[in-house]
Amino acid sequence: MSQSLSAVYVHLVFSTKLRQPFFRDEGVGEELHAYLGGIARQLGCPPIRIGGAEDHVHVLASLGRTITLAEWVKELKRVSTLWLKERGRKWHDFQWQGGYAAFSVSQSNLAQVAEYVATQEEHHRKLSFEDELRALLRKHNIVFDERHLWD
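In terms of numbering that gives the first Met the number 0, the sequence shown has 84 at position 85, counting the first letter as 1, and numbering is strictly consecutive.
Keep in mind the hints are simulated off the structure, nothing from the lab.
Since the structure is predicted, the reported quantities are computational estimates derived from the model, not experimental observations.
Computed list of lysine-lysine pairs in PhoX-like fashion (alpha-carbon distance at most 20 Å, straight line):
| no. | residue 1 | residue 2 |
| --- | --- | --- |
| 1 | LYS125 | LYS138 |
| 2 | LYS76 | LYS89 |
| 3 | LYS84 | LYS73 |
| 4 | LYS84 | LYS16 |
Work the whole structure out from these sequences, hints included.
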């Protein structure tokens, strides 16, 4: 084949360090989501939906053909951290958690996952981030050690 073709959709989830509620302020989360979307696009991973709550983000995107998942996540975190720290003194100590969770999404489930990502704030009125992440990991049959899940 003379061309590289792919359709790999990823639902990415990562939190602030120690799940600090940095995005509680009105508007900060929306600005961050837009900024993450721009980073993702520049990296060749067009976003489908970005959402989150006060302490974490969800990114649903098409993974590009020329970047690994680990490289993509590393750049999303690195560039967004620099951007947040430029916002002022409050953000000086901002950090993302060291790890992330990434789940493959089939074409037939894209709309459902996009809606889930879009309604994060509503979703978290009923469920903590910790419980949400555990449920996602179990749903996708990912074995995890609770002692190493949170940082």
